[in-house]
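2 protein chains.
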Amino acid sequence: MKKRNLKTLSSLCALLLCATFAAWSQTPPPAPTFSKELRDQLQAVRDAALTSDYAWHQLEHLTENIGPRPSGSPQAQAAAEYVAAEMRKLGLEVHLEPAQVSHWIRGEEKAQLVEYPGQAPQTTQRIVLATISGSSATPAEGITADVVVVHNFDELTALGREKVAGKIVLFNVPYDERKAVAGMAFEAYGEAVVYRGRGAKAVAELGGIASLIRSVGGADYRLPHTGYSAPAGIPAAALAAEDAELVDHLAAQGHVRMHLTLTPQKLPDVTGYNVVADLKGSEHPEQIVVVSGHLDSWDLGRGAIDDGAGVVISMATAEILQRLHIRPRRTLRVIAWMDEENGGGGNQAYAKTHAGELANHIAAIESDAGAGHPLGFYMKMPPAAFTALQPLHDILRPVGSTVFRSAEHSPGSDIEPLVEAGIPGIGIIQDGRKYFDYHHTAADTLDKVDPHDLRENAAAMAVMALTLTNSNEALPRQ
Amino acid sequence: MKKRNLKTLSSLCALLLCATFAAWSQTPPPAPTFSKELRDQLQAVRDAALTSDYAWHQLEHLTENIGPRPSGSPQAQAAAEYVAAEMRKLGLEVHLEPAQVSHWIRGEEKAQLVEYPGQAPQTTQRIVLATISGSSATPAEGITADVVVVHNFDELTALGREKVAGKIVLFNVPYDERKAVAGMAFEAYGEAVVYRGRGAKAVAELGGIASLIRSVGGADYRLPHTGYSAPAGIPAAALAAEDAELVDHLAAQGHVRMHLTLTPQKLPDVTGYNVVADLKGSEHPEQIVVVSGHLDSWDLGRGAIDDGAGVVISMATAEILQRLHIRPRRTLRVIAWMDEENGGGGNQAYAKTHAGELANHIAAIESDAGAGHPLGFYMKMPPAAFTALQPLHDILRPVGSTVFRSAEHSPGSDIEPLVEAGIPGIGIIQDGRKYFDYHHTAADTLDKVDPHDLRENAAAMAVMALTLTNSNEALPRQ
Numbered sequence: 009m010k011k012r013n014l015k016t017l018s019s020l021c022a023l024l025l026c027a028t029f030a031a032w033s034q035t036p037p038p039a040p041t042f043s044k045e046l047r048d049q050l051q052a053v054r055d056a057a058l059t060s061d062y063a064w065h066q067l068e069h070l071t072e073n074i075g076p077r078p079s080g081s082p083q084a085q086a087a088a089e090y091v092a093a094e095m096r097k098l099g100l101e102v103h104l105e106p107a108q109v110s111h112w113i114r115g116e117e118k119a120q121l122v123e124y125p126g127q128a129p130q131t132t133q134r135i136v137l138a139t140i141s142g143s144s145a146t147p148a149e150g151i152t153a154d155v156v157v158v159h160n161f162d163e164l165t166a167l168g169r170e171k172v173a174g175k176i177v178l179f180n181v182p183y184d185e186r187k188a189v190a191g192m193a194f195e196a197y198g199e200a201v202v203y204r205g206r207g208a209k210a211v212a213e214l215g216g217i218a219s220l221i222r223s224v225g226g227a228d229y230r231l232p233h234t235g236y237s238a239p240a241g242i243p244a245a246a247l248a249a250e251d252a253e254l255v256d257h258l259a260a261q262g263h264v265r266m267h268l269t270l271t272p273q274k275l276p277d278v279t280g281y282n283v284v285a286d287l288k289g290s291e292h293p294e295q296i297v298v299v300s301g302h303l304d305s306w307d308l309g310r311g312a313i314d315d316g317a318g319v320v321i322s323m324a325t326a327e328i329l330q331r332l333h334i335r336p337r338r339t340l341r342v343i344a345w346m347d348e349e350n351g352g353g354g355n356q357a358y359a360k361t362h363a364g365e366l367a368n369h370i371a372a373i374e375s376d377a378g379a380g381h382p383l384g385f386y387m388k389m390p391p392a393a394f395t396a397l398q399p400l401h402d403i404l405r406p407v408g409s410t411v412f413r414s415a416e417h418s419p420g421s422d423i424e425p426l427v428e429a430g431i432p433g434i435g436i437i438q439d440g441r442k443y444f445d446y447h448h449t450a451a452d453t454l455d456k457v458d459p460h461d462l463r464e465n466a467a468a469m470a471v472m473a474l475t476l477t478n479s480n481e482a483l484p485r486q
Numbered sequence: 009m010k011k012r013n014l015k016t017l018s019s020l021c022a023l024l025l026c027a028t029f030a031a032w033s034q035t036p037p038p039a040p041t042f043s044k045e046l047r048d049q050l051q052a053v054r055d056a057a058l059t060s061d062y063a064w065h066q067l068e069h070l071t072e073n074i075g076p077r078p079s080g081s082p083q084a085q086a087a088a089e090y091v092a093a094e095m096r097k098l099g100l101e102v103h104l105e106p107a108q109v110s111h112w113i114r115g116e117e118k119a120q121l122v123e124y125p126g127q128a129p130q131t132t133q134r135i136v137l138a139t140i141s142g143s144s145a146t147p148a149e150g151i152t153a154d155v156v157v158v159h160n161f162d163e164l165t166a167l168g169r170e171k172v173a174g175k176i177v178l179f180n181v182p183y184d185e186r187k188a189v190a191g192m193a194f195e196a197y198g199e200a201v202v203y204r205g206r207g208a209k210a211v212a213e214l215g216g217i218a219s220l221i222r223s224v225g226g227a228d229y230r231l232p233h234t235g236y237s238a239p240a241g242i243p244a245a246a247l248a249a250e251d252a253e254l255v256d257h258l259a260a261q262g263h264v265r266m267h268l269t270l271t272p273q274k275l276p277d278v279t280g281y282n283v284v285a286d287l288k289g290s291e292h293p294e295q296i297v298v299v300s301g302h303l304d305s306w307d308l309g310r311g312a313i314d315d316g317a318g319v320v321i322s323m324a325t326a327e328i329l330q331r332l333h334i335r336p337r338r339t340l341r342v343i344a345w346m347d348e349e350n351g352g353g354g355n356q357a358y359a360k361t362h363a364g365e366l367a368n369h370i371a372a373i374e375s376d377a378g379a380g381h382p383l384g385f386y387m388k389m390p391p392a393a394f395t396a397l398q399p400l401h402d403i404l405r406p407v408g409s410t411v412f413r414s415a416e417h418s419p420g421s422d423i424e425p426l427v428e429a430g431i432p433g434i435g436i437i438q439d440g441r442k443y444f445d446y447h448h449t450a451a452d453t454l455d456k457v458d459p460h461d462l463r464e465n466a467a468a469m470a471v472m473a474l475t476l477t478n479s480n481e482a483l484p485r486q
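As given, the protein sequences belong to chains A and B, one line each in that order. Just add 8 to the spot in the first sequence (first one is 1) and you have my numbering. Just add 8 to the spot in the second sequence (first one is 1) and you have my numbering.
Treat the hints as calculated values from the structure; they're not laboratory data. Values in this document were obtained by computation on a predicted structure and should not be read as measured data. Ideal Cβ placement from N, Cα and C applies to all residues, glycine included. Any given hint could turn out to be false.
Examples of chain B residues lying across from chain A (beta carbon under 7 Å, computed) [said to hold, decoys possible]: (1) 72; (2) 129; (3) 250; (4) 265; (5) 450.
In the EDC-like style, the derived pairs of lysine to aspartate or glutamate whose C-alpha atoms are separated by at most 20 Å in a straight line are [said to hold, decoys possible]: (6) B/442 to A/228; (7) B/288 to B/105; (8) A/288 to A/101; (9) B/360 to B/277; (10) A/442 to B/277; (11) A/175 to A/149; (12) A/187 to A/199; (13) B/274 to B/105; (14) A/118 to B/116; (15) B/442 to A/185; (16) B/442 to B/286; (17) B/442 to B/184; (18) B/97 to B/277; (19) A/442 to B/185; (20) A/97 to A/68; (21) A/97 to A/61; (22) A/442 to A/428; (23) B/118 to A/116.
Work out the full structure, taking the sequences as your base and the hints as a guide.
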């Protein structure tokens with residue numbers, strides 16, 4: 009189905025769906041079922057995943073032997089070649105598919121408060137921060153300017169050009185940890201991350217000379233969180249929560265002046281690679297079910313929860329099927345995406361390269377919310393597809409992955425172009441209460457992944473993927 | 009009482025105590041009681057502390073306006089002058105008492121793994137670490153050497169000179185977080201900290217060229233913990249837990265080589281100051297009760313839990329008595345010690361300066377275990393003194409500070425010379441489950457202190473101190 013047809017169909021679909029729902033409210037349709045063969049296969053795959061250390065060993069290699077894998081780096085290249093070789097070892101048909109991807113180098117990042125109320129003679133205070141990706145560089149010797157602190161865009165607007173021009177602006181907007189511990193980490197993230205995305209532009213428009221945010225994430229260990237930001241022609245960085253609080257507190261008492269040095273380099277895009285590995289379908293090799301995670305990571309940590317975990321549980325799906333000699337009826341496609349973090353070059357290239365076969369993409373799964381216990385799935389798909397997957401509850405009950413939630417948007421950023429083309433999209437709902445404590449920090453390391461949780465994730469991914477490749481009917485789509 | 013008399017008396021005391029215990033086992037002695045006047049005073053002081061933000065505001069100033077206060081730094085000097093001025097404001101008699109204290113500057117600290125199994129071409133891996141105080145400096149350009157990993161002193165000994173000479177040795181000995189969450193944080197610390205104290209010496213003796221430890225502390229946020237170590241003529245540092253695990257994991261697979269740069273400077277000792285502030289006793293001004301914490305901190309954080317909190321709750325004791333117009337019968341002496349962290353110059357100078365009046369020191373309290381909820385007290389004192397304090401239970405029950413534990417050693421390192429001279433020593437037992445997550449790290453900042461917990465600590469300190477200054481009988485001593 010081509011994209012331009014989608015809108016034409018949407019009104020009709022809406023009508024049909026309303027009718028369907030109305031019908032449901034009177035007479036429930038018969039519950040869908042899986043064949044005994046499929047159920048047996050799913051149980052075997054689930055149990056194999058729950059007792060396998062394949063994903064863990066792959067994650068060890070990606071995070072500890074290869075290490076941080078920022079797009080454009082030798083480590084990202086080595087990781088792509090490694091995943092390709094591992095998939096070939098399993099007998100998959102593998103392509104390294106080129107994509108223009110970002111190439112960004114952090115450089116130096118440091119700051120000190122050089123004037124502030126109550127300052128001891130001849131002293132400064134160190135400010136812990138991390139450059140964010142849209143930052144311009146300061147001169148090598150840094151810049152020195154007064155700091156103004158705001159807590160939302162309205163306060164910035166109220167200050168106006170007169171009070172912002174020539175200043176360093178800090179947005180001290182906390183990530184709401186209370187939401188996170190209550191299971192609403194992504195809501196908390198969404199509320200705060202807008203200042204990382206758009207803060208620098210707003211500051212630049214009023215003549216501010218640098219934009220600082222409070223790191224978007226939880227935990228209180230003086231740990232800054234990096235991430236993507238829209239370039240605005242001025243330096244931009246994220247302070248550790250403790251340092252944002254310090255600056256805010258001191259600025260409330262009086263005059264605060266900062267010396268700031270950030271020397272990131274935005275280099276020309278380079279050719280990077282998505283790893284695309286197919287386990288060909290026995291009956292419908294042209295029909296494709298994608299399992300995926302992104303291989304690139306930020307540079308500060310080692311990319312364990314974001315998103316080595318997503319890659320290795322996708323690899324594990326192929327490994328389990330091969331080990332159990334379960335041939336998928338449709339093609340299982342493992343994708344390790346490149347450059348999710350800093351531009352999405354990998355997923356854009358895939359959508360372009362595979363434009364001709366998107367109609368044959370049955371569904372796309374991406375895991376990119378960590379490696380916490382999998383509670384179930386976010387699913388962006390029509391109600392009929394949602395319903396067709398209900399028998400999975402019984403299979404996944406022992407894993408604890410029975411929450412099926414309808415998603416309003418793509419449940420993964422790399423599969424977004426596919427979802428926008430009408431392909432059902434699925435993301436795993438991981439226990440995310442601690443995800444943003446480590447997300448985009450130096451502490452995103454192997455030890456943050458619990459081996460048992462990782463096995464559960466591999467089970468959830470493999471069971472969902474096998475359902476999509478081996479059910480009698482392809483998943484309904486819009 | 010002079011120290012040389014103590015031993016003569018000790019055998020006699022032991023006999024008397026045995027007799028006392030024997031008597032107790034038959035007929036319990038009458039429970040000690042406090043006068044109504046003292047009980048009323050204690051309740052008033054307790055309630056005033058529980059509703060006061062004095063300690064909090066002092067802690068804000070020390071940690072945020074002054075900041076890190078390493079011994080020998082301008083901040084340490086500014087902090088001493090600040091505390092002295094604040095105590096003078098309250099009407100206390102204040103002296104800045106000179107002490108020869110350490111002067112240590114961290115310098116540069118960085119490390120990379122330059123060779124390791126599975127390494128991607130043209131890449132290294134960053135190792136996060138913090139220099140520890142006994143470290144020698146590497147050349148400015150660093151050193152490069154193979155790394156060997158051990159997990160205890162026996163493994164090091166077994167390796168012998170042949171396998172250690174010319175190498176960098178890593179002791180990967182974890183702080184046992186399971187003990188910490190179960191309330192045994194200091195036991196966990198004690199087991200691991202010996203490698204910080206003595207590791208470098210053991211390595212140097214076998215010809216090793218640098219000694220690394222795993223940071224002694226909990227939490228997993230890529231956060232190194234600094235601290236004191238005995239100088240051994242070689243560079244020495246503490247790796248973040250994640251980095252110790254990485255090196256250990258890679259070294260188990262094959263050859264690991266590290267480039268290490270540490271450029272600390274151990275400068276000549278300088279004159280620093282203990283702040284000694286007296287609220288003179290109305291009846292026995294010559295009898296002294298010490299309340300104290302240490303004003304110096306490590307340089308990485310801002311010295312909130314270690315030990316700004318101890319200083320400000322000591323200051324609060326004086327503030328509450330003055331505010332409530334409660335004149336102590338004995339002298340209340342507030343001490344803010346200098347250089348607890350890196351040599352103890354402050355407490356040594358005090359013991360020397362005040363040698364002539366130690367016999368008149370009734371008791372010494374130090375708070376140096378953070379600002380967690382106060383559960384009670386460690387007390388190094390004879391059983392009769394222990395017993396005399398039992399009526400405090402009723403006063404402290406609303407605070408939750410009713411655990412009185414006999415201490416085998418001095419319950420605070422600055423009061424150790426006093427305790428060794430026979431003076432009863434008291435430390436507050438704080439909830440320490442998270443103390444070593446932040447201890448000696450960059451994350452020891454104001455936000456780690458809960459204002460309510462701090463008020464409770466001020467209440468516990470003030471109630472204990474007032475009991476000691478105003479009870480009819482001075483606390484029995486050995």
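Tell me, which hint numbers fail for this structure?
Hints 4, 10, 13, 16, 18, 22 not satisfied by this model.
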